[in-house]
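Top to bottom, those sequences are chains A and B.
1 is the number of the first residue of the first sequence in my numbering; add one for each residue after it.
1 is the number of the first residue of the second sequence in my numbering; add one for each residue after it.
Treat the hints with care, as some may be off.
Within a straight-line C-alpha distance of at most 35 Å, the following computed DSBU-like cross-link-like pairs (lysine-lysine) qualify [unchecked claim]:
#1 B:Lys32 - A:Lys79
#2 A:Lys140 - B:Lys58
#3 B:Lys32 - A:Lys166
#4 B:Lys58 - A:Lys64
Because the hints were derived from the structure by calculation, they are not lab data.
Residues per chain, in single letters:
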Amino acid sequence: MKRNNIIIKIVSISAYLAFILFSFITGFNPGKQMAANFITFSVYMLKILPCAFVLIGLFEVWGKKETIEKHFGQESGIKGHIWAVLLAGTTVGGLYVAFPVAYSLYGKGAKLSVIFTYIGASAICRIPMTIFEASFMGIKFSAIRLLVSLPLVIISSILLGDYLEKRGYKIMAGK
Amino acid sequence: MYYLYIITAFALLLSFIADRRKTLMAIKITVKKFVNILPAFLAMLILVSVVLFIVPDKTISNYLGGNNKFTGVIFASFFGSITLLPGFIAFPLCGILLEKGVTYMVLSAFTTTLMMVGVLTYPIEKEYFGMKVTVIRNVISFFIAIVVALITGIFFGEIF
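Please construct the entire structure, taking both the sequences and the accompanying hints into account.
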């Protein structure tokens with residue numbers, strides 16, 4: 001199963017590359033445009049990802065399990081969610097950065113519901129993004145969005161996290 | 001963006017001064033984690049490049065600017081879910097649409113699903129949290145976005 005997946009991945013990536021190459025040789029425009037999209041987004045993400053992963057690496061080494069458990073773990077209560085929202089506010093990039101960070105937090109003893117709050121919050125209330133948003137859409141728009149979505153994110157995270165934890169669900173990478 | 005580099009460099013330096021061995025370990029972990037998730041990122045980037053070709057900004061603008069505001073919300077949340085745009089592209093686009101007369105409600109549905117629902121980030125999310133959790137989280141996020149859009153519509157007097 002796992003091996004099959006890898007083969008499928010390799011085949012589809014090669015097919016994509018072949019298609020792009022073919023497009024450039026024959027001057028097929030859609031393929032060229034896809035390549036342009038691919039490069040734009042790769043560059044954009046490469047500006048953020050290395051830093052994010054270095055910080056995750058440092059966190060893995062220096063982050064104390066007891067500290068994380070205390071603030072984000074089973075006994076943290078609603079405070080854990082508040083910490084998660086604050087941490088999310090400083091997160092850069094988007095969901096694709098939040099996932100590995102959340103996974104590291106989970107590995108250090110954060111509870112599931114707090115992890116979900118962190119992921120949801122880092123989608124909607126990253127501070128630089130919100131300021132940028134408000135400058136285009138107005139403060140009222142951003143304020144409504146935050147005030148409505150944040151409580152819903154926290155409530156749904158608690159429900160989902162507790163439900164999964166009651167059923168003994170454990171996150172394992174790649175499953 | 002620069003503050004990210006400054007913070008990272010500063011953290012690395014501090015760590016290096018405090019404990020060289022630990023810092024090297026951290027870098028090893030960084031490389032390992034990065035390499036492990038790289039195929040998923042590649043998959044996402046390929047999906048992004050294809051989807052944004054099929055659904056470029058112009059198409060999105062056309063659909064969002066339609067007459068009926070409720071179909072507008074449905075289209076907006078659909079496009080927001082299946083695309084992935086960084087803020088520096090998405091919000092200026094929304095600013096333009098706003099000036100063209102697209103409602104706040106529709107734009108809210110678009111930006112909120114854009115941020116919260118990640119069909120294109122699925123390969124990465126699945127890699128960390130598994131398929132089941134990924135699907136549940138995205139479905140919940142979709143409904144939250146719809147609620148946010150409707151309440152935005154009410155506050156801006158676009159529904160009643």
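Each hint, compared with the structure:
no.: 1; hint: B:Lys32 - A:Lys79; verdict: holds, 32 Å
no.: 2; hint: A:Lys140 - B:Lys58; verdict: holds, 27 Å
no.: 3; hint: B:Lys32 - A:Lys166; verdict: holds, 32 Å
no.: 4; hint: B:Lys58 - A:Lys64; verdict: violated, 48 Å
Hint compliance for this structure: hint 4 is the single one not met.
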